[in-house]
Amino acid sequence: MSSGTNVWLGTSTKQLIQSRTGYRRRKFTNRIMLTVTALFTLAALAILFWIIIYVVIKGLQYLNLDFFIHLPRPLGMPGGGVLNAIEGTIILTILASLFAVIPGILAAYYVAYNPNTPLGIAVRFGTDVLSGVPSIIIGLFCYALIVKYQGHYSALAGSIALAIIMLPTIIRTTEEMIKLVPHSLREGSLALGSPEWKTAVSVSLPAASQGIITGILLGIARASGETAPLLFTALGNDNYEVGKIIKAGLANHKGIFAILGSIVTQPVDSLPLTLWKYAQQPYPERINQSWAAALVLLIFVLSLNIFTRIWVQVRANRMQGK
Amino acid sequence: MFTNMETPMTDEKQRAPLTIPIKIAQKTIEPPHVGENKIEFRDYSFYYGKFKALGNISLQIPPNQITAIIGPSGCGKSTLLRSINRMNDLVPNVRTEGQIILSGEDIIGPSADVVDVRRRVGMVFQRPNPFPKSIYDNVAYGPRLYGISHRQGLDEIVYNALRQAALWDEVKDKLRQSAMALSGGQQQRLCIARALAVEPEVILMDEPASALDPVATLKIEELMQTLKESYTIIIVTHNMQQAARVSDFTAFMMIDSPQTRTGVMVEYGPTTQIFTNPKNKQTEDYITGRFG
Chain W
14 MSSGTNVWLG TSTKQLIQSR TGYRRRKFTN RIMLTVTALF TLAALAILFW
64 IIIYVVIKGL QYLNLDFFIH LPRPLGMPGG GVLNAIEGTI ILTILASLFA
114 VIPGILAAYY VAYNPNTPLG IAVRFGTDVL SGVPSIIIGL FCYALIVKYQ
164 GHYSALAGSI ALAIIMLPTI IRTTEEMIKL VPHSLREGSL ALGSPEWKTA
214 VSVSLPAASQ GIITGILLGI ARASGETAPL LFTALGNDNY EVGKIIKAGL
264 ANHKGIFAIL GSIVTQPVDS LPLTLWKYAQ QPYPERINQS WAAALVLLIF
314 VLSLNIFTRI WVQVRANRMQ GK
Chain L
443 MFTNMETPMT DEKQRAPLTI PIKIAQKTIE PPHVGENKIE FRDYSFYYGK
493 FKALGNISLQ IPPNQITAII GPSGCGKSTL LRSINRMNDL VPNVRTEGQI
543 ILSGEDIIGP SADVVDVRRR VGMVFQRPNP FPKSIYDNVA YGPRLYGISH
593 RQGLDEIVYN ALRQAALWDE VKDKLRQSAM ALSGGQQQRL CIARALAVEP
643 EVILMDEPAS ALDPVATLKI EELMQTLKES YTIIIVTHNM QQAARVSDFT
693 AFMMIDSPQT RTGVMVEYGP TTQIFTNPKN KQTEDYITGR FG
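Quick note, the sequences are listed as chains W and L, same order. Numbered per the numbering used here, the first sequence spans residues 14 to 335. Numbered per the numbering used here, the second sequence spans residues 443 to 734.
Isolated chain W, as found in the complex (with noise of 0.2 Å):
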């Protein structure tokens, strides 16, 4: 390059630009800063693995089958499970779902579709708001609405705090996703005469329906690995045993609806509370089963998330025709 006609360029700056020394210094700055990015996302992944491993190591060795198909035995006994977690938690993520899923979507679609109205507005901060939440406020808040008024604990209460800790994933992941539809497919539809509630049921939300899944599993996900909401709510039970309440139920000729009212309405346990009762007694045995329960939530969380990516790229795939 001619240097003769950069005359704006101080002579000094033009020397940095095109001397070795300057070129050196950069690339050096340049591999510095790769490296401590590269370091620093490798910790962050680190902590991850570092979790899992310990947990997989320390849980799995008192993983065993009596864990998954029994209740928990007196101390002092050796053996038992707890099977009254794993269906506790079984039963408060389904109905959960029940109570937040679609109340969620019929929000986000409303939102979408409103952003700019008042009450579009009022529901995204909102829901902004009670995603801060702290769940155990949650929790009180079901405590004082619905466990005071019935008079004890059930699955239905603590259902309904992790229904309401989940219901701010949905309502943003799905708003998120109907927003990524094409406004045009939304036309297409309308264009044929369809009237509005059509369109949203076959065209906008089947669109975005990967989208949504993943928001519920996500919700799903996270709500079934909470413990504080669950303490003012699900309070926790040793006994309960689905299998137990339904033979004992037909025993006594109910009807169906009494045998799911049973169901619902006890306290039930769930993982993460078992785990935290048992991590804070002072006997190894409880202290271990703590740590398979650990290991049992981590695998149902870890799963639950990675089987939700894996469909949702399936899917996608499917539907570009590949």
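Calculated directly from the structure, the hints in this document are not laboratory data. For each residue, glycine too, the CB sits at the ideal point set by N, CA and C.
Under 7 Å between C-beta atoms, here's a sample of chain W residues computed to sit facing chain L:
1) 207
2) 216
3) 220
4) 332
Mind docking chain L on chain W? Use the hints.
For chain L alone, coordinates are given in the frame of chain W:
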């Protein structure tokens, strides 16, 4: 009817109206009279809130012809087009004045049924927008909406629509596959088939080929020539060669002034006349590329 395209026939059809306008085109917007009008705008104005987007449009669109709406960006071409199937209803705070008459019925008055209007006036959009469903379900979407559920009837409708859209041969073996796997041009023809499946009277096309390559564009244009035997077609296009190639009539729109930015109809007439012998200076400037 669509397999053997006869080019001389279309030439004739394009040339035929040439003799009519010269006699009547002394006033700026004298409507061409070819049979009865399919669509008639009567002093139609359109407002987005306080902004008057279309001002006092009067326009008579003949049946079984292709009418092109051209004009610079932002002059209200799409708004005019979307008025015909009431797609503008989706925008909040809009207001209209005047009338749009479709086959003798006012379609923007309080008595008009939006769903019925949209069934009778199909629309094809700028970018192909097939639903993320199978090819079959895309075409069957409209008929199902109107309550046709038995298999044989649907099969027949899907077959006919795809035949008419000149897509059948390409997709007959993969009707159950996702429509998203088709090429852009095939997707656009699928969207045309989807519109045809509800047996509309009018097809609106909003720059239907702007997202397509030249070969796919040509196919769409050929298709339009066969479709106009059964349908009235109105196309908005930025591409003046396309307007000249495909349309029988051309409407030229512009904004009235940079301050108000209201879209007005400047000149309307047979395409050959608009492109060879425009009556209006602005039309001439536009089509010769002096602005826009």
